[in-house]
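Protein chains: 2
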Amino acid sequence: MSGAGAHRAAARRAVDLDELAERLKSRAPRAVGRAISVLEAGGERQAELVRRVYGATGRARLIGVTGPPGAGKSTLVDRLAGAIRKRGQTVGILCVDPTSPFSGGALLGDRIRMQSLATDPGVFIRSMATRGAMGGLARATRDAADLLDAAGFDWVLVETVGVGQDEVDVVASVDTVLVVAVPGMGDDIQAIKAGIMEIADVFVLNKADRDGADRTYRDLALVLSLAEEMTEATWLPPIVKTVAARSEGIEELLDAIAKHHAWLSEGDRLAARRRSQLGLRVETILKERVLAAARAEAGFEREVARGFAAHEDPYRLAEELFEGVVRAEAARTEA
Amino acid sequence: MSGAGAHRAAARRAVDLDELAERLKSRAPRAVGRAISVLEAGGERQAELVRRVYGATGRARLIGVTGPPGAGKSTLVDRLAGAIRKRGQTVGILCVDPTSPFSGGALLGDRIRMQSLATDPGVFIRSMATRGAMGGLARATRDAADLLDAAGFDWVLVETVGVGQDEVDVVASVDTVLVVAVPGMGDDIQAIKAGIMEIADVFVLNKADRDGADRTYRDLALVLSLAEEMTEATWLPPIVKTVAARSEGIEELLDAIAKHHAWLSEGDRLAARRRSQLGLRVETILKERVLAAARAEAGFEREVARGFAAHEDPYRLAEELFEGVVRAEAARTEA
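Chains as they are written, first to last, in my numbering: chain R, 1 to 335; chain Z, 1001 to 1335.
Be a bit skeptical, because a hint or two may be false.
[What the hints assert, rightly or not] Covered stretches of chain Z (chain R as the covering partner; in silico rule of three or more C-beta atoms under 8 Å from a C-beta of chain R):
| id | region |
| --- | --- |
| 1 | 1235 to 1242 |
| 2 | 1272 to 1282 |
| 3 | 1321 to 1327 |
[Stated by the list, open to error] Listed next, with one range per pair, are the computed distances between beta-carbon atoms:
| id | chain 1 | residue 1 | chain 2 | residue 2 | range |
| --- | --- | --- | --- | --- | --- |
| 4 | Z | R1269 | R | P29 | 47 to 57 Å |
| 5 | R | G267 | Z | G1184 | 30 to 40 Å |
| 6 | Z | W1235 | R | G88 | 28 to 38 Å |
| 7 | Z | E1323 | R | G43 | 18 to 28 Å |
| 8 | R | L236 | Z | R1273 | 40 to 50 Å |
| 9 | Z | D1209 | R | R210 | 23 to 33 Å |
| 10 | R | A305 | Z | R1045 | 21 to 31 Å |
[As the list claims (entries may be wrong)] If we take Cβ atoms under 10 Å as the criterion, some of the chain R residues that face chain Z in the derived model are:
| id | residue |
| --- | --- |
| 11 | E48 |
| 12 | Y54 |
| 13 | G55 |
| 14 | G58 |
| 15 | A293 |
| 16 | A296 |
| 17 | V325 |
Hints listed in this document are in silico derivations from the structure and should not be mistaken for laboratory results.
The beta-carbon is built from N, C-alpha and C at its ideal position, and this holds for glycine as well.
Please build the complete structure, drawing on both the sequences and the hints.
Put into structure tokens, the structure is as follows:
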């Protein structure tokens, strides 16, 4: 493409994004879906779109839902959304499966979402998928939450599968994190204890009508009491029993979320949390920025191939690439 | 500390690292343990130490072992190590728990390692822990494998808990990845299918004497056959049945590992794999390099606080920080 052609194409894309951002903020049908697709495709347009809508963000309540496979998270999210709708508020749902870049589209397909939600314009449901790395998925999901926020949704529910670090990353950027457990998890309680305890704001013991619910409740309470000593947390995550499939405990769960929000809203807590989350987002973007520069301006692939052939150590290679990026970017700024 | 004092301290640390690297390469007792502690502490010294020993790496066989909690991975690793020792070869074992920054030290403590291994100088066992982030743990573990390699260990076994992306990152840098399953995993087969399938070189069906072993074997074989179509892999991961607690199937597993190594050694495969792994290591180091520069030279925390107060979007903040890093680094290079 010629310089002028590239310039025109860039201008056209910029106009498209301006228009899309305006349609999103004015809550036009299908604007959110199109906008999220822009995020998923990544690249410059992802950044440009977020920058255009960011001024309209900060109003929605962001809730993360995580827990092991089979805990009934999607049913729980459906019922939460239903209860939120009954209160006359709107809700966006983002479903994230960081363990598989392939299943993004399938996550919705293999579950039965509430029929009433699927046809309700006050509800937006989307499975997140990206072509890039895991980090890209967490970032795109957080950006998508911003889009829903800017589009005026009162609540954004982010649902993940599993309880690994990716899920932690995905839900780390919300106001309230729900960790869903089920009776008879056995060893999985250990997994929750190890990885998720630190980020849980509310525990949900779902399928609480099953055998072993009392024991799992006691296990959770024990783990929580230990965690409390360890971290000196001032917020002790409550444990809420639910039977999502029968819509039991959903109002109690919303109450617990409201209590957490009230606690967060005291003093500087919510601001401090969101400031720290902004820092993590900036970290992620900065890291991907240097990598993109290393590829585009410092011959990343070529240098790795050369370094490999020469048995050069990875730290030396990284430093050389970093210096190459600095030289190229400094020259570009001067030009 | 004065400039001269800092200079002397830096020189002394450099001498320490020179000495440590030499002692490591000459296989002095306790050198490996001390060297890994240097890695875990992170910072400049981690890079400096790896750079000093890297020339002596590339000879060891690197094996990763991952799978869900309760699959019997540590017993399996112990028996593998025992079988390797019977062949007169040496083995280093690194145990990694990415789900908890706290449990690094506890991982060994709550398991009973084979007494014979613990007192055998041909075996080195270490739980990995870092003070930093998850990415830091994967990086320190890969660096520790280099140290063991440079110290002349014939094999390095990297054992993780869980099957999340962190585990994938931790074991992604080995020659052969073993994924351990157990009968009756139920939904967990799905988890394996989603996240781990792509990186498994050998499947181990451990506790294969239990009820449901045949069904889990069939499930795994089915998943494998689907994956084969999907990825057009030329290496079809075999499924090896073991009962690690009774040392059954261990020789067959070593045979499967040897077959995979023979396959890798054909043509450019092993080189291509290690080159790609080097690229991933360089990526990680480069990302952490820019973040360190943003903190040290571009006022990361201050800028995030300012940007948060001004409701600046994270992409703009990241770009400003990146430009700040480039300016500072370019000025430093010129000076």
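When I compare C-beta atoms, does the region 1321 to 1327 of chain Z have three or more residues closer than 8 Å to chain R?
With 6 residues closer than 8 Å to chain R, the region 1321 to 1327 of chain Z meets the three-residue bar; holds.
Check: Does the Cβ distance between G267 of chain R and G1184 of chain Z fall inside 30 to 40 Å?
Finding: 49 Å, violated
Assuming the hint says 28 to 38 Å, is it satisfied by the Cβ distance from W1235 of chain Z to G88 of chain R or not?
For G88 of chain R against W1235 of chain Z, whose Cβ atoms are near 57 Å apart, the range 28 to 38 Å is violated.
Would the hint on G55 of chain R be counted as holding, given a Cβ-Cβ threshold of 10 Å to chain Z? 7 Å, holds
Evaluation of the interface hint that places A296 of chain R against chain Z, nearest CB under 10 Å: 13 Å, violated
Margin query: Does V325 of chain R hold up as a contact with chain Z if the rule is Cβ-Cβ below 10 Å?
Written below: V325 of chain R check passes; min Cβ-Cβ to chain Z is 8 Å, inside 10 Å.
So does E1323 of chain Z sit 18 to 28 Å from G43 of chain R, Cβ to Cβ? 19 Å, holds
Are there at least three residues in the region 1272 to 1282 of chain Z whose beta carbon sits under 8 Å from a beta carbon of chain R?
-> Answer holds; 6 residues pass the 8 Å Cβ test.
Notebook entry, point to check: Does A293 of chain R pass the interface hint, meaning its C-beta sits closer than 10 Å to a C-beta of chain Z?
Noted result: Constraint on A293 of chain R satisfied, holds at 8 Å.
- Item | Distance restraint hint 23 to 33 Å, applied to the beta-carbon atoms of D1209 of chain Z and R210 of chain R | Check passed, 29 Å falls within 23 to 33 Å.
Verify the interface restraint on Y54 of chain R: the C-beta must sit less than 10 Å from at least one C-beta of chain Z. Holds, because the Cβ-Cβ distance from Y54 of chain R to chain Z comes to roughly 4 Å (cut-off 10 Å).
*Do the beta carbons of R1269 of chain Z and P29 of chain R sit within 47 to 57 Å of each other?*
Given a distance of about 51 Å, which is inside 47 to 57 Å, the answer is holds.
Hint compliance for this structure: hints 1, 5, 6 and 16 are broken, all remaining hints hold.
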